[in-house]
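Asks: Spelled out from the first residue to the last, the chains are:
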Amino acid sequence: MASSTVRTFTDSDGYRAAIRAQRVEGVVTARGNFRAELTRIDFDRLLMQHGDENLPRVLNVATTSDRAAVIFATGQDQPAMHVNGVVLSSGEIIAYTGLDGHYRSAAACQWSSMSLTLDELAAFSKAVIGRELIPPSLPHRIRPPPPALSRLLSLNGAATHLAKTAPDILAKPEVARAMEQALVEAMVWCLASGDPVDVRSVHRHHATMMRRLEEVLQSNSEGPLYMAELCAAARVSYPTLRASCQEHLGMSPKRYLWLRRMHLAQRALRTADSERTTVTEIATNYGFWELGRFSVAYRSLFEESPSTTLRRPSDDPKTGEIAGSPWEFTKSA
Amino acid sequence: MPGSGTRTFLDPDHYAASLRQAQLELVITSRGNFRARVTWAELHHLQLLRCEEDFPSIGYVSLAPRLVFVGFPAPCGPLPVWGGRELQAADIMFHSRGERLHQSTSGPSIWSVIALDPVQLDKYGRALSGKPLSPPPEGQVVRPSRRDAARLKRLHAQACRLAETRPRILAHPEVARAIEQGLIHALVNCLTTAKVEEDGTAIRHHARIMVRFEEVLAEPLGRPLHMAELCELICVTERTLRLCCAEFLGISPTRYVLLRRLKQVRIALRDADPDTANVADLARRFGFTELGRFAEVYRATFGETPSTTLGRAPETLFAGP
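Just so you know, the sequences run in chain order A and B.
Under this note's numbering, think of the first position of the first sequence as 1184, with each following residue one higher.
Under this note's numbering, think of the first position of the second sequence as 225, with each following residue one higher.
Because the hints were derived from the structure by calculation, they are not lab data.
Possibly wrong hints are sitting among the right ones.
[Unchecked claim] To give an idea of the interface, some chain B residues facing chain A are shown, with a C-beta separation under 8 angstroms as derived from the structure:
#1 K347
#2 Y348
#3 V521
#4 A524
We put the CB at the ideal spot given by N, CA and C, even for glycine.
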């Protein structure tokens, strides 16, 4: 018994909201029209997600600590992704429980995640390898033996493909059970037989800084924030923060705050009433005082002028999920 | 609520009086028509000031002790001498609390100031650099990297341009905050990473002599002092005083004292009622006993006769905004 959904998005806010996690926030970091497809498959115990995105981005993700999860890249030749500043190259997976950090890709990316509760993982691993697996609390990089990883990747690909093309087959209890069993076995093998790759202590220190940074950003989730205020609130000096951000976000904290402000302005432009609000008002509300420069930067980031965003009615498909996606299929058990 | 404004002055004393956080005694060192433009902006924690002067001058500045001041000249035009130090284009002056110093220029000049509460400076200094940041015990010339200095100056110039052209945008709390935060970051960067130009003991000693010189001149004596008396009151030899004045003011002490007195007469003439006052009485009050010679020196300095100043209606002292 399984349920699956496949949804396509042209709006990164909608996409992030659809990813299953305690919290997903973030920004797209390059210009272009955003497009992403999210496939979610919920088996009885195993929960899977597969994302396929066309633009580089930084996500700030928090997941509950009662599930053990793995995440890996599934695209061919895609550049390395970074999870909490840890490089995830091809041939590696990252295992975690209760992730709270940044997940960044420098280009288009495809990824999959799979998770089980801690008890379920313990029970499955006892059955498969004869001992209980306790996953690490911090994100841990693992390099599984190539046959184990390629089995995980091909099963994962098959499940995603089924969800997209034949969700009714995936929904059949016997198919779902067999698929889930095979996927969990592959996941346990990868976790148990892989070599853990060391995470340096400087990584842990930087991860702590980044958590503080995000805490401050979340407590001011609606408004702009600037470097000096951020350093004061997060109790991190600028050089330390800059090093952490380079590692976790691939950009300086200044650029990250600027991108965040641009996205806040975009959200405000989308939701504002074009009869009563002007671009100037919204731009100045987010601290952009040079309106010419704001327009140029906005256009190069979002590929449309701020006034176009403002004028578009909020029920226009471009603002959200593509209506009536042909693959949408939900069936609960 | 953030605010800003700009104003052009045609009278040096009105110009000097418009600076609220600093007391400025201004002496113009060449004749010609005076013109100065002051642009100010009050953000949430920062106060910005930009002064454009069209003439060479010597200013004696007393800074308000409750604020921290950082000043810098515009990179164009002849560079000023602040507190006896010839500044370079990228230099920034980190003033001590309540500092008193001479600023002398040899031509048209622009100087900019950022003032803020020392508590705020320390807070953001600690936050950004991880170290406490407080004003130095004696004014310091800091030489940041060209990039850091340019960033600070550019932001300051942008804020002043907004104050001049679009004060309503600058009054928007979020715009004021964005500019202020950018300035604070740039300022802390400049102050914490820059090379400090260490002053020699001689210049510090001379700076104290110059402050004492002004204190003596400010005492009301009712008569002009002779050079020997002046030196005795300052406790300095005439040679040293000449040296100090050459370094700090670019002119001799005698000339400076004369210009100062002429300025005082000018204020008295300007403020007096032309129907009841006369030039001779006022000139005598400031120690000018030979009226003919006084009128000649006066005209050479200000480009007009004392009676013209006395007769002029007060409204022509300002130019439009």
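Asks: None of the hints should be skipped; say for each whether it holds.
Replies: Right, here's what the structure says about each hint:
Hint status for B:K347 relative to chain A: holds, with the closest Cβ pair at about 6 angstroms, below 8 angstroms. The criterion of a C-beta within 8 angstroms of any C-beta in chain A is met by B:Y348, whose closest approach is roughly 5 angstroms, and the hint holds. Here the hint on B:V521 is broken, as its CB sits about 50 angstroms from the closest CB of chain A, past 8 angstroms. Annotation: B:A524 was flagged as interfacial toward chain A, and the flag is violated, the nearest CB pair being 48 angstroms apart, outside 8 angstroms.
Going down the numbered hints, you'll see the structure goes against 3 and 4, while the others check out.
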